[in-house]
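Participant: Listed below are the residues making up each chain.
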Amino acid sequence: MSFSKQLFAIVLTTASFLSSCGDYLDIVPDKTQEVDLLFERKEAAYKALATCYNHLPTNDAFYGSFVMASDELAIPSVQQTEGTDLMKGNQSASDPIMGYWSGYGATGQGQSSLWEGIRSCNILIDNIDLVKDMTTVEKEMWKAEAQVLKAQFHFLLLRNYGPIPIVDVNLPISASEEEVKVLRNTTDACFDYIVNTLNTAIKSLPLKVSSSNDFGRIDQVIATSIKSKVLLYAASPLFNGNSDYENFVDAKGNKLFNTTTDPKKWEKAMDASKEALDLAIATGFSLYTFSDSAPEFDAEDMQATEVKSLYNYRYMIAERWNSELIWGASNPVNSWWQFQASLLMKKPGSSSVEAAWQWVSPTLRMAELYYTKNGLPISEDLSFDYNNRYEVTTIPASEKFHAQEGERTAKLHLGREPRFYASLGFDRGINRTWGEKWNLKMKSGEIHGRKGFSNDYLATGYSLKKMVHPDSQGDAYNKLISYAWPTIRLGELYLNYAEAANEYNGPSQEVYDALNAIRSRSGVNNVEDAWSNLALTRSLNKHLDKKGLKEIIQQERMIELAFEGHRYHDLRRWKIAENHLNTPVKGWRVNESDEANYYQIQEVGQRIFESPRDYFHPIKILELTINNNLVQNPDW
Amino acid sequence: MNPILKLVFSLVFFLCVFEGQAQSILITGKTVDKEGAPLPGVSIVVKGSSNGTSSSFDGDYALTVNSKEDILQFSYLGFDTEELIVSNNTVINMVLTESQESLEEVQIVAFQKQKKSSVIASINTIKPSELKQPSSNLTAALAGRLAGVISYQRSGEPGQDNAEFFIRGVTSFGYKNSPLIMIDGLEVTSNDLARIDPENINSFSIMKDATATALYGARGANGVILVTTKEGKKGKPKISVRIENSFSAPTKINQFLGAVDYMELYNSALRTRDNNALLLYSKNKIEGTRNGLDSNIYPNVDWYSEMFRDYVMNKRINLNVSGGGDIAQYYLSITQSNEKGLLEVDALNNFNNNIDINRSNLRANININLSKTTTAKVKFYSLYERYNGPVDDADALFEGVVNANPANFPKYYDFEDADQYYNHTLFGNKGNGGFSNPYADMVKGYKDRFRSTILSQFQLEQDLSFVTEGLKVRAMASVKSYSSNENTRSFTPFFYGVYESETEEGVSNLLYQIQEGTEYLNNPQVSNEANSNFYYEFVTQYSRTFNKKHDVGALVVFNRTEKLNTIGGGNSAYTTLPSRNLGLSGRFTYAYDDRYFSEFNFGFNGTEKFAKNNRFGFFPSAGFGWNVSNESFFEKIKPVVSLLRLKYTYGIVGNDAISGPEDRFFYLSDVNISDGGKGYTFGEQFNNYYPGYYIGRYPNAEVSWEIAKKANYGLELGLFKKATLQVDYFTEERSNIYMSRDYVPETFGSTATIKSNVGEVQSHGVDISLDSNFSFANGFWLTTRANFTYATNEILKNGEPVYPYDYMSKKGYSVNQEWGYLAERLFIDQADIDASPSQFNQGNSSELGYLAGDIKYTDVNEDGKVDELDRVPIGQPTIPEIVYGFGASMGYKNFDMSFFFQGVAKQSFFIDPNKIAPFVDQGNALSVIANNHWSDKNPDPNAFWPRLSTSPVANNEERSTWWLRDADFLRLKSLEIGYSLPENLMKKAHLQSTRIYLSGLNLFALSKFKLWDPEMGDNGLGYPTQRVVNLGLQIKL
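Residue numbers (my numbering), protein chains in the order written: chain A, 1 to 636; chain B, 1 to 1037.
Next comes chain B alone, as it looks inside the complex (with noise of 0.2 Å):
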């Protein structure tokens, strides 16, 4: 036990035997922390006297106090001590909120922990609990949630909904701008992030300065997310329990035209263009419809609903216990989830196409003390995942309600009659089939998938302090392997139409088979993949204090991984072959008396990827550090200032990732040296054939990594001991980016873009976050967190060629900004197009031209003629330069609260007219385009859309300011309702707390655009983003 804790306890103890004489004023009340747990052991003191006690095992206590001005002190190891007076109290609950200091005291950097008030780097770390939200995606929950992390998810598709992220931003245009993510120490992919149960994790970190990740040398130079999970503490076993279950159903839908507006407003499409044109929808298939007859023949369908439900449910359970003795320490873990999609199921099919993902996740942490100073850890994990779903990609099927019109065809065919000779479902199409059936598309068959993840790890630590004091060593060895085996199964389905046909009896309607299907499943596609990782790791540590002033600390590290691609990876020596790194890192501190402090780091690396001497690199760095309040000057401001610390970083980093696995060895050529497609034929009987061959890069022996130097100056600010203030200020300059070497023409004939280390990006930023923490006398406790990241970049150097005109070269602006034609309006009339430039070159052709109210481009340059060198930097990057969020939570008694805001700003993206282009190839019609689209009635120069058309009418469809959209939003990312049942229930229930909680997920979002959901971005017909409400129950045991 702690000694302190014995002494408080002893001294309670004491007091105890004195409460006797004590008189007046009883006080009662409990003690618990934030989410209703009882705190024992708490110590309560009248300030200021020897008069006080501690609380029971329930957290209850009882004090007898002289005078309502007494001032009870509440204090408790690892949280923050509370005072208030006692007033007119007799009861007084008092909840202690855990100490951001205490919890931080040690702060997890690579490869060791250092103590918090050390660390130098610029690291942020996020309490675990805050990254719990009812989804089963980590990765979601990143946005606004960590200063220095941009964030955004485009997608709702379970299962395919991971958030895209980046530290301090996109700092380089080459193959990977996304951390590198170590999982207790192995390095894993952002799935396996994912999916990593919140519940389970015991710190999460991100590394942004040079000094934090130049350990890792030639992987760091994108930031560094460190996680690692639980281990088991001595005492008896905890049990914890929590259930959810959640609705999820989508935040936004797509409108489309009903039927008769479809056809009228179709024909109208087609006579825009061409007077003559013949009309598709006949007067009586249009009254027919309006007038509901037989929906086989005047069909009206809104795919969407057709399709799609209005919500799923989703469940998630996790179970986990902790405890052990003196020779063992365990945790334990397991979560089981169900995750389904919104697809529709089709009647007469007995497999289900929709999505439906179980999960079993298992984590075993084990810690065995062999000896005094020898430790054993054995952590085991692994993730069963069985996926079925529908053939195509979900978002592909939600992308497929544009592809057919309400009018042309049923989803199926329903004869009264029909069931009878048919055993297969009547698929609507009509003509000579070729019209999109989404529906058919996604009941036509279903893929199943067994994924599974296993990690193995051990790990030795010996402590040498027999040899010289603060020595430590220690080994591990760490597996990773991944399987995934998919089958997808699919019917060709029947198509059929229906024709009118006159018969003695009137009009009669008759179904006709467009397309022979099969009624059976046809052979599954089968699709297998497998990877492994394995790391080993060996680490020499040793951390003194000398004289009480001079804290000396040293870490080496020698590291090996190697990445196995043993199915999936592609059948080309290069995809197959695995990837390596090798290194040997090193860490060296060194402060004086709690106020100096300075630290060097080094990652010396070597990776497969490059030639011989190229394979090895030097990534230095070196930080300095005052904290200023620790010195004696600034006693007199503590009580106001709290804390003062200056921080500045200086270092190198680098990035070995600098091209997709299927371009690695640059300094060999990649040649196709028997390529079919580049053969020919001689002979008599065209049979006397050789292939070819195709050079598919030139080798290249100074290829090498990406460098990147990061300088970081850092402020930390505490107020009042109640609030923190981080702010952080980098400079990034990213250099050798690997990349196309734009300037060589086609002239010099080259199959293969010539590419080498020729890019420079440079980057700015700052991270901001701010915490704060309050307690009341009445019970009521509150907690504020908010972020802020700002990051910036502009291209210095890349391969472009010289361009005639200033605007169109990419130098100065940032790596994700985009090009595009300034549009105008929409011609006015043919008067306006003759004044006005050239389009395209296609102003002579009526075919494929453009006439009035299609969309009017300037002409920038001013040559006469509209082309691609009018494209000027239009709009902001796409991805966001800025990401915030701001939340607090609250409690009160046995009721508490949180929420949280999440938003994104300085950030641009383009409807691709393409996609949602109503008309063309009979596609369906989005409401919006129908109720403001330019026409001859509504001539308005502004409207959503051009001049209807029924083809594509590629004017309108270049990027340009037209499709231009702001997409920034502000959205209540998370709000949640708990209530604690009280503790007597409890008691009597044998069970240490009971907590039941509402919380919902993206409930609203404030955007300027509102077409759908400002997330999603360009990707606004597929799988929307999803609101979710759930209710949880949480049980402690």
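So that you can see chain A by itself, here it is in the shape it has in the complex (with noise of 0.2 Å):
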């Protein structure tokens, strides 16, 4: 029959008519983007260098940023950021809040997980030796630079959530369910890995940076002090010897913390942080102060040891890459400036105040928490007036550097150390802010009060002035002015020795010396001057004991680093979290206008803290999901 001949015939020709049409669905051109492309060349390999550093978590990033979970500052009810609401007590299992597990949103800039990060370094390590026109030498360099972000990042994690799975190399894209489901490693082998890393990259870094292009990248001295701050929170209490995590055990019951105290933790800690001080040191870190000239409104009073001191402390912060910055976040991120605005106070009169919010302020706690004049807490100092110390005063011109002569405020305002004043604005007091020196009226319906309902306004009476440039204008956005913010400082790292030195071998001058730095810097008497003067401390000679000496360690670096991201995380390692961190914040009625009203003290917004629950953060439900080869925190 022909007609199956026919039908083959036309098939046949229809079907070689198709296969001619083969190259008709080819339809992507070469050149699309691909992964390769960012290894073929120096300039391009940078965006993969720049992907790294990316993740790193910003403290200026405001709605996300660690500085703001703690008692240190407080905002109004009806404002809101993700420190504030983790401090709070809404963390939850299912929804972390400022979770670098599983990353974060925030307004203006979100936080990556951190484990993106992690991958992120192991491809530019795994790839880096294709790019053509590097040397050897600059390769390995980069590469030691992926590897101390990698033991960062991983050290972050293991901070917030204790052992973490160890991510040294990158699973492939085809990896089976079974290779991605990882364990967490114990908090010692988590610990021996980020040194390890560390001690590795620090051979291939360079001393120091010194182009000014590359100022923000990781060198020997920044990677020594991250290992020395690695090495101060292994021999810290939260991770050495604690006996609360005795029934912590993974999925395969092996034990994750090792609940032995080891004091041997606390030696490496000090050799660590001796190792960083001395690099820093000898590669031209110094402890900073101010020597340019002051402002018109204060150049005849920075004769006054107070008005230097105040000078000094200030812009160590705010002075961009000043001698005391080891690593300064050089990536103002998008959202840097809402730092500065939220804490900006508004310029009475100004046409506009869009970059002044008005509406962070710190805590009476905080304002507490600085020594006096003497250098000695409030309650140690036989000359403050400790149990009056919200009676209000009128303020005697001896206190003029600080306060308004004349004027009245609490007694808890005067006669305190130049970083209270460097730091804290309050009702009668000045603040050098907006380029200007202003005369501070803050009850409310006064010129620097709350006005009316509205929603800006300092909760607590009190303004930060630490973290804001003294130059910054807040008419306009691009009118404040930037620093890198200090993400390790030479000030630290005084305190890291001193804290692992004095735990390790009890008070010694060396322990002195290292907190003396600090504190003459600010215009603070010496240690030993201030606790053996028998007029003045009600605690005699606290800091020849051990214990006493921790504490005073203790309380200097929550002074010398308030505001800067660290208490969080520093109540936490040593364990007195629940101590600081479960009462509510306090502040006077800002909403009173006569002096009677508004110097009583109010609560200003709830900090809870369950202990020992919230020493880590919860791992995201989902996460335990997906790999249940991973155990959940205890109690959450």
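In short, the hints are calculated from the structure, not lab data. It cannot be assumed that every hint is accurate.
Stated by the list, open to error - Think about it this way: if two alpha-carbon atoms lie no more than 27 Å apart in a straight line, the pair counts; the simulated BS3-like pairs of lysine-lysine are:
#1 K451/A <-> K285/B
#2 K31/A <-> K755/B
#3 K479/A <-> K466/A
#4 K430/B <-> K451/A
#5 K255/A <-> K865/B
Fit the two chains together into the complex; they arrive one by one in their own frames, and the hints show the way.
Facilitator: Spelled out as structure tokens, the structure:
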């Protein structure tokens, strides 16, 4: 029958037509974006490097910053930041707040999962050798930077979650379900991994970044400083012999915490701090002192140590790349200005206060933390009227550098150390801001006080000066002056050393010297002088005793590093977080306009810290579901 | 002329000669079709005799019969033959109904027509007239009309009211579930389908099983809708005009609180969570409002009625002409429609922010016989749409009503002297501004848009019988282009507030400006879009009967499709590159003696989306049919069971639309190699910036299409030649569904979800349709139609992780199943809370926590806390599993009437508590919440709304059974009453027929859910479903 032949012929003709059209479906042009292109040339490889750095959490990303996650700062109840939410006890395992593990959103800038950061570091390490126009030394250097960042990401995860899985190499995309289900490593193994990674990387890093174009990139000083911090955490009670986690085991029943305290860990921490401190000093770092000429309104007063100290302490933050800044965040993120804007006071009479929100304020607790002018805690200084500190008194002439002579303010605000005055603005105090010198009047209805029912107000009656550049002007965002947020500064290394050395060896001159270096920069007397003066101190010679000195060091650290993003982590590290983070924060009654009512204490916000649960963040339930080899942190 | 017809005519003529010899009774009457149009040439004979006649051009006839017992037999080609006893009648008017069988003698199938009786595939066809309803949207008419279609319509917004429709339900959780739509052989969008005028449709069918769709290869898995448009028929021009005018109004309007009730309840909402809260609304304000004082200061705004009209009037007109001669035949149609929205326009604006859509639609189908064996066909179609409407879409404006409360401020201030100073509207607001004024949002500007769709098609058919009998070829080329240009113009509204100030004369209220606006329209936002479709096909077709018993058929199709996204398709390489498809398909049929049928189909198909080695796929299918009623043993029961057919098909079809246009070329990665958001800055002055990179997708060369294995078991049953029952049972296994592998944890560190073809869904269901036709002696006729579609599915495999509890797994549940918490009741008191498991870790924070009167959930896993591990499958799927419809048409003399009920069942939806939460941000409050909420006075643990609050209560907003509602409904979808003017009147006016009709749409609905129209589901605050009353006139010349 001819039919089938004909049909066959037709099909054949059509099919041959079809096959000639095979290219018809090839429509993607050759030059498309592929990852390989990143590792062709050095200029392109910078993108791979930048991506690694990009995952670093930023303290100045205000809404998602851990700086807001403590009892240092308070905000009006209608305002909201991730950090404050965390402090209010809203943490949940379903949708964790400020979770580095899964990443989190926040206004302005969110935080990606740090695991993504680790993956991007490994991508660089695995591929940088392919780049044609880079020397071997350069390649090793970049790899080392990625190694340090990888170690840092592991450390940040470890700090918030305790034992974590170690991801040293990337799993392939095709990895099987079993392969991707990693287990948590023990805390000791995590610390060892981080320290070993840092040690390996340090060898290939430049001693100190010299080109001003590269400020912000990692060098030996930074890596060594990170190591000092990592080992300090490893030695601290949260990780060193923490018996709360006796029964904390992974999916296979292995213990995740070493519950035996090991004093040697303090020795390692001490040695690492010493190494970092020595290296920093050898490479030219020094505690910052202000050497520029002061603005006109202070030119005369600069003779006074009190005023000089104010400038030392404020510009230590605000001056870009000053001599103390070991690791500055060279990447003021899109929203870096939010932090300054939220703190910056509104200028009365200014046509625009766009960039001066004035709704983040230090708590009363912070106002009480700073020393007296004698370098002692307010409860220890016999010359300070501690019991009547909320009483109002007339400001004497002797306080003229810090408060308005003849006006009235709380006794708490008088006779304090320079760091108090450099950091906090208060009713009838003085604020150097907007490039001017302001006499603060903070009661309701007064020029700096709350206006009507405005939601922009300082809930405690204090304004924070420390993290605002004195010349930042709030009438436009581009008139705020950026600085590199101090991720690590020399002051911290002194404090690391003092703490580790005291823990390991007990009180010694080296410990006092380290503390005194910091104190003297801010015009505070020496530890020994302050605590051995019978006429001044209640607890005489507290500094001679290891436990006493420990408390002194802790307070020194909380003062010196206040508002820089350390407190939340330090309090957890010392295992004393529930003492601080579990009580409401307080302030003056800012809605009152008369003195008698204004100078009363009121609560301005809850702080909730459930111990031991809140010492570590919860892992998102979804993540635990996806990887049932992971176990949730205790009590979550 | 048809030889049979010729024979009949001559026979009739012959018989007429003997008329004189007949005696006794003279019967006169008229033969008409259902629409009242006269039927000329109907044969009327006395059964069993040679006595007969045929009707005249006007359908009139006269016949003399001998006895009252004589039976008159009316027959007409294409219509059912009717018989009736003369009895005492002398006037017998007969309405003939088109016979189903002859109408569907040929069936449109993929790429060709097949003899209806030989089709094994599962195909459903609907008469175009059934799709006519007073709406400019064809998709709105699909629900319940076609067995096998699951359909629902969520919004009534003109231009945005496309119904969702799925053939045999949703059978995949992949990207695309909607069917392939082909109009005259060209793939079009659901928007194109929505705009087609039913008047122009020649046939409308849905292809359901593998045999019907396998020829479409990788595009057919979701079923296919095939539409062909009318072509011209030889004859003198037939002109038809249809004019419709309809009133459209919401089926239901949401009720909100008045200002006094609002303020009182707001204050109590404040106090119910915080005893010390400052009250927002003062006694003075409340009393002032109660006493109806100055409405600028004491407003009482019903935002809904301020913003929207009660009804709107729409118009549609269609004119079509068809006819032709031996060489050329034509069909021309023009449709013009005007559709408006319910939005009010501000008196001070000279522009129109209401929806106003004008559409003109031209269709010209011309066939030219180039030679005896060659035909050329040209089809031209254009749709021009001018849209005018609000800046935001109207759905959002309706939802906006919930954002503003009645007491805060009027829509605008209306001070007597104000106009003298301002030439802008003084829109209301208060405080520092920042409150929503939905009226201002609505009137602050307008959007105009021009859209055009143009389609040109050329087709050449060659009969190759001279080569071998039964061989034909045809070639077709089509281009469709679409463009849209949209300008949005708006001004910034001026917002004002009032404040009280004490003067010497007493308290006066002063207007103050909150926001400086613009007194002019800001520069327009322009948005353009353009795309085009190219399609070519070459078809070879063969069919022949050998030895009268062996029917053999073959079809081979080659086709090529290309879609271009010229403008507006995004700016990535993936969205702007064309999409292409290449196919070779075939069909081979063999039938023996009209009793046994077999069919084999295949599609060999390639698309551009996949890696080279995965680009082409082969999709075979086969089917068998047995026409039992044609067996000799069946003869005896044929008077009762006039038809019995059994069918079985099985095959594989693909779906290459597994991901959106931005996600194609799976063998490549999707990398942004210069991502500003992933960069970092170094340097002293923070200026040494490097962008980063971002991997949006990892390459996977293995990705390919979804595969659907479809089986169909069909039964066709004809009873007494009056009723036909079609039942199809189907199963489908959809595998290779492209989806994310959710078992990859965060620790893996990937920036993109890793996806591959891992999903599997199994579905099954049944489609039933039952049709019947009756005519009675007195001229009464009745046809009925009922459809029922049930489609359900369960997920067999997906990329999900191993859940700690079985109930968390999606496996075994429908693709559209929702998970949520089991809400037990509202908490009774604090002791109840203390004794219950903690919920979402919120218990310890009074600011965001929950109190008595908030929802208590079940701790399903009994671990002492309620969290996401306690989410269980709740309710029915969110897409109905059952869609059904039934209705009837009937007529008597000049009157006709039809109705159609439509319903859905086995469907759930969730009220979105976040959307309707009263008082949040001083938003509006639905009356139903005011009437039924938990309070200290009414501590009803089952109240509709939990304890009031002026800020969101996260605890109550979780998806749970508390907000779960049964979405089943049954509605009178349409009702139509028509009257055809008497023919003698028509004759005078030289018209063929004129019919006036009154029709209604969505007249009433029965549902357990009373808050809003149940069909809107979770879109209850959006543009409401419309009830339409329509007056129409159809004239045929």
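Participant: Determine for every hint whether it applies to the structure shown.
Facilitator: The hints, checked one at a time:
1. K451/A <-> K285/B: It holds: about 24 Å lies between the C-alpha atoms, which stays within 27 Å.
2. K31/A <-> K755/B: Holds, at roughly 24 Å.
3. K479/A <-> K466/A: Roughly 18 Å between the alpha carbons, so the hint for K479/A and K466/A holds.
4. K430/B <-> K451/A: Holds, at about 17 Å.
5. K255/A <-> K865/B: Distance of about 26 Å is within 27 Å: holds.
The structure fails none of the hints (numbered hints given earlier).
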